[in-house]
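Asker: Listed below are the residues making up each chain.
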Amino acid sequence: DTEVTQTPKHLVMGMTNKKSLKCEQHMGHRAMYWYKQKAKKPPELMFVYSYEKLSINESVPSRFSPECPNSSLLNLHLHALQPEDSALYLCASSRGQGAPGANVLTFGAGSRLTVL
Amino acid sequence: KNQVEQSPQSLIILEGKNCTLQCNYTVSPFSNLRWYKQDTGRGPVSLTIMTFSENTKSNGRYTATLDADTKQSSLHITASQLSDSASYICVVTYNYGQNFVFGPGTRLSVLP
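Chains A and B are the protein sequences, given in the same order. Each residue of the first sequence is one higher than the last, beginning at 1 in our numbering. Each residue of the second sequence is one higher than the last, beginning at 1001 in our numbering.
Keep in mind the hints are simulated off the structure, nothing from the lab. Quick caveat, the model's predicted, so the values are computed rather than measured.
Covered by chain A, per the in silico footprint, the following chain B stretches (three or more residues, Cβ under 8 Å): (1) 1025-1038; (2) 1097-1103.
In silico contact screen, one side only, chain B against chain A (beta carbon under 7 Å); selected entries: (3) R1042; (4) G1043; (5) P1044; (6) I1049; (7) T1093.
Backbone N, C-alpha and C fix where the C-beta goes; we use that ideal spot for every residue, glycine too.
Modelling step: build the complete structure from the supplied sequences, incorporating the hints.
Answerer: Given below as structure tokens:
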């Protein structure tokens, strides 16, 4: 299994809703990432989990809350979002620091989020 | 500053033609470089990965080159197909595999 699976594929929510994006990988990767991508722009890093610990938070607003329940799962909890948060949210994983082999990113198909 | 540049920003070609996309980087220390294809609204899919010692690598109609001395990479697409229409993103891994930097991408449109 060489896939990163993201659910849901599409999500529409109001500004007062609470929802979550989910990501799962079974490649034994120890680093997992959330990226935000706006149209015609490259992905922007939001969070990095390394060995299940949050290692990077790129000054993301607190209305986005990541969670890494175990080494295979990564969630992004959403609350009180703004319309400008509408974007494609990409999950990725990599072998992680200190792991043998090239450390490269494998992406999921993305979750398209629309905030009304 | 660790940076990746790509050219051209966008490209339109006719089906069946070849094209070459460029990626220049200034990251250090370099670990590897990967080309991704991203269809609109979908996640990036890996095409090739180049390490420091590799000059050329092919994946079907895609051929990537790497010149570690000049810090340049190219992605050559042969006999383009309509399904090649997508954004092509160059991602460089550096700092002993700890960090990634993305290029802005090249938007390729293949017309019938």
